[in-house]
Amino acid sequence: MREIYLSGFNTFVLPFMFGMLFVLGWCLIGAVRIIFQLTPDDRKKFFLSFLNPKIMLKNIRDWFCDCLFHVKLWKRNKLLGYMHSSIAFGWFMIIVLGHIEVFLYTPQRMHQMWYPIFFRYFVAVTDSTMKGSFFFFLMDFFLLVVLSGIVLAIIKRARSRIFGMRRTTRASITDLIGLYSLWAIFPLRLLAEGFTADISGGSFLTKSLNLVLHSFLSDQMNMLPTWWAYSIALCIFMCILPFSRYMHIPAEILLIPMRNAGIPVRHARKGIARLQVYSCPGCGVCIDACPMGVVKANSKDATVYLNRQIKRNNERRIEEISDKCLLCGKCTAVCPVGVEGDRIRIAQRSIRPYNLAPDYSNIDENSAILAVNNFVSTNNNIVSTANNERVLYFAGCMTALTPGIRKSMESVLRKAGVNYRMMDKDGGICCGRPMLMAGRKDPAKEMIRKNTNIIKSSGATTLLLSCPICLKVFKEEYELDGIEIIHHTEFMDRLIAEGRLHVESSEVRYAYHDPCELGRGCGVYDQPRRVVAAAGQLVEGAKSGKESICCGGSLGSLSLGFEQRKLMTENAINNLTADNPDAIVTACPLCKTTFGRYADRPVVDIVEVIDSKTGN
Amino acid sequence: MKEIIVIIGGGIAGLEAASNLLKLGYSPIIIEKSDHLGGHVANWHKLFPDLTPAKDLVDELIASSKDANIFLNTEVSFINRLKDSYNIMLSNGISIITKYILMTTGFRLFEASKKEEYGYGIYNQVITNSDLEHWFNTGQDKRIDESPMNAIGFVHCVGSRDEKARNSQCSKVCCITAIKQAIELKEKFPDAQIYCFYMDLRLFGKKFEDFYTKAQRDHGIHFIRGRVSEVGENIEGKVIVKAEDTLAGKPIKVTLDLLVLMSGMVCNPDSSKTASMMALPIDSDGFLKSSDNVFRITASPKKGIFYAGACTGPKTVPETLAEARSAVLDIHSHITSQEK
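Residue numbers (the working numbering), protein chains in the order written: chain V, 72 to 687; chain P, 682 to 1021.
Hints in this document: simulated from the structure, not taken from any laboratory. Backbone N, C-alpha and C define an ideal beta-carbon position, used for all residues, glycine too. Hints should not be assumed to be uniformly reliable.
Which stretches of chain P does chain V cover? Using the computed rule of at least three CB atoms under 8 Å from a CB of chain V, they are [stated by the list, open to error]: (1) 683-694; (2) 787-801; (3) 911-918.
Here are the computed lysine to aspartate or glutamate pairs in the EDC-like style, where the Cα-Cα straight-line distance is at most 16 Å [as the list claims (entries may be wrong)]: (4) P:Lys934 - V:Asp497; (5) P:Lys845 - V:Glu641; (6) P:Lys919 - V:Asp497; (7) V:Lys637 - P:Asp843; (8) V:Lys486 - V:Glu517; (9) V:Lys516 - V:Glu436; (10) V:Lys496 - P:Glu798; (11) V:Lys496 - P:Glu914; (12) V:Lys478 - P:Glu911; (13) P:Lys845 - V:Glu436; (14) V:Lys496 - P:Glu911; (15) V:Lys496 - P:Glu917; (16) P:Lys780 - P:Asp1011; (17) V:Lys637 - P:Glu844; (18) P:Lys923 - P:Glu911; (19) P:Lys895 - P:Glu914; (20) P:Lys704 - P:Asp731; (21) V:Lys527 - V:Glu436.
Residues from chain V that keep clear of chain P, each with C-beta distances beyond 10 Å, as calculated [what the hints assert, rightly or not]: (22) Ser120; (23) Arg237; (24) Leu262; (25) Leu295; (26) Pro296; (27) Thr473; (28) Lys478; (29) Lys546; (30) Phe633; (31) Thr664.
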């Protein structure tokens, strides 16, 4: 390889250099700002995580799998996965190979940032470098990969259904500029390299194009405008990048280690929340996932649009979108970059001023403490069970409204000979989750403190819950020093496995509905399925597990009307009854009430099924 | 030839219509799906506000319509529209051709177990208004023992004016029925405290207000404005009701021996099914839609089909009877205008 130009410079590199320095500067300042917005403890945790080899290994794996290969999109739809990974990985390889070429053939130019990008313009092929044809081939190959991705991207704009997406994001004006400049970059590069391939060398793609071009454009001077165009396309793309969805490319690089370090969303607009907003690639996977989407107008309230409005500081829309959400967490579960739509929304709610300051200090927890604190002394001698278990059962307010669940639960506990006490037999204190969902942390803390007192003074070893809404808050917000927190589905699974509960199987076909808070919220998917399978034939809905559809009754939404919720419930029921089960089984009192309102077949809680299928 | 008129539903509306049609010289046919005539009223004990025995009313109606053709335990299988008449196929294999159909398909009681928080079907001491009437009539209900009761509660508007129960309409009769039943129970258990939990008292009818005043003044029945939030059970097997007294602005809790749920009137699915055979429109509340809610309550938008009674919405007994007569008059004037 021989250099053609002594200076190694041409003015056409200036647009590229301008864009590159702009975007680098922007991202660097942004990253520093975000890191400084973290609380000191979080910041320390973040930096220390880089010293932990396990986390570092996960970071490296995530960088490759998420940023370059888009593994999560591959799992969703092969074509969608190929489209994204071909552009990302192909481009990445072109940059890496470009640098290798510079390093091998013109190491003296390594400090010139533009050199690897416009390498073919500055060099000529010599006989001695013919073994470089290996790199020529790779460069052409990856360029082809990227181009194929871009062709798919163009097709996707017109026919998104082929890619498994019913609805896609409406692009903003900056997104469109970014999109078109991105589409332009690679064909222009091909054209530019095609012009110079007879001098600089090339492979199957550029060489062939060179021959075609020379057949009607023999003037060498035609090459310069194409290199200019290539550089300008790069410049436009990089200048628009911070203001478009393509900001996700640099933002995700920082988000991955921050997520792996376990930094939580603490502020609505600062730190990791801001970073997540910028990491949103605007792919629109959350639009189809959102259960509110059954009403078409609601698709503009998906997480992707929340992120956009937060970037724009459109307070009216931010409030509207964050209040409407059911907080079912499905957008979080399907998001390929890990934007936590539900937590970001709760954070938005938390910064809103409230005129009413409820005072819960007069709620008396002492009578409840008295009711449970003789637990150890009175009960333990009567029933001696394995591992000296003392189970405190907190039914919760939703279960108080579905007394059938509580009655069956107590019956099952008695049948299994469990040493238990009710924590809220005569009315209990709210677990605090509804307040937390509304973004009101302080009143929630008050209730959490009181409940913690009651639970700790009971001497229980296990806290049993029927309501997944409570379960999540007990698991995440309570500090109960070693007291096991367990949902009744998990508990019954254990009782059955230990042989303490004998369930008669039947031919009844049950469709199991994963409640949002139990499945996506606490990761409990298998235990309830085993329990249902013990009592009858387990049937899955069209979508289940991580992608189960919210019943529509969620406490999460502050503004959704009854008619809209009805449509969501009917949609969720249709999903569950796709395989025509005899009954719908759920594990959440709220889902049970909501489905019961519209379902054409019985809706029961899992514990009611087990109670009816166990003898004394 | 005597004109045949098919009456679908043998409740009080159907019977009253049949007896009046007979008087006018027509030949009515009553199709009743159950094994007895008189519908819901036949299961009732006494009627407000004069505590008239329901049995007397039903017996009189049956006696005056005995010359009609009556098919019990029979349902409509399908209805075909002919040129200017209808061909009705019954489940017993008989088919009838008629120009006139009178829908008196009535209502259905709201399934109280759907409001699970009130504990119907879960706690033994929770019954419905209909269960209570049945007990008044027969004295048989294993949930009610004859030993004196100390406290009894009534919950108004169970499944009425409740969007979450999918019924936004007022059932009209439950307020006064609760007062009537409260007085009847007070007479049986004079020492019991009786509480009525209501959101509004809608006492629109003749003598209803007097009845309410009497219940408070003469019988000492307590009326508490506020909805019941939840119902539980204590160790002795009594029901604990939690509610809010919205006049006092305080949450309250009472322990009761018996809780009566005032199940509301909701649309009858069988009625909707039959209506769909004739492509009759259904209103937003699920009941049949009259061609006009002021002027033509008894008329349907289809030629030759008429309505009477609670198939078009909750109604009291006198309203139902009046509508039956009105529908008969409509049919009669229709027939006579055709003959001219």
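Now for the hints, and whether the structure bears them out:
| no. | hint | verdict |
| --- | --- | --- |
| 1 | 683-694 | violated (count 0) |
| 2 | 787-801 | holds (count 4) |
| 3 | 911-918 | holds (count 4) |
| 4 | P:Lys934 - V:Asp497 | holds (10 Å) |
| 5 | P:Lys845 - V:Glu641 | holds (14 Å) |
| 6 | P:Lys919 - V:Asp497 | holds (13 Å) |
| 7 | V:Lys637 - P:Asp843 | holds (14 Å) |
| 8 | V:Lys486 - V:Glu517 | violated (36 Å) |
| 9 | V:Lys516 - V:Glu436 | holds (14 Å) |
| 10 | V:Lys496 - P:Glu798 | holds (15 Å) |
| 11 | V:Lys496 - P:Glu914 | holds (9 Å) |
| 12 | V:Lys478 - P:Glu911 | holds (14 Å) |
| 13 | P:Lys845 - V:Glu436 | violated (32 Å) |
| 14 | V:Lys496 - P:Glu911 | holds (13 Å) |
| 15 | V:Lys496 - P:Glu917 | holds (14 Å) |
| 16 | P:Lys780 - P:Asp1011 | holds (14 Å) |
| 17 | V:Lys637 - P:Glu844 | holds (11 Å) |
| 18 | P:Lys923 - P:Glu911 | holds (5 Å) |
| 19 | P:Lys895 - P:Glu914 | violated (32 Å) |
| 20 | P:Lys704 - P:Asp731 | violated (28 Å) |
| 21 | V:Lys527 - V:Glu436 | holds (12 Å) |
| 22 | Ser120 | holds (47 Å) |
| 23 | Arg237 | holds (29 Å) |
| 24 | Leu262 | holds (64 Å) |
| 25 | Leu295 | holds (72 Å) |
| 26 | Pro296 | holds (68 Å) |
| 27 | Thr473 | violated (5 Å) |
| 28 | Lys478 | violated (6 Å) |
| 29 | Lys546 | holds (26 Å) |
| 30 | Phe633 | violated (5 Å) |
| 31 | Thr664 | violated (7 Å) |
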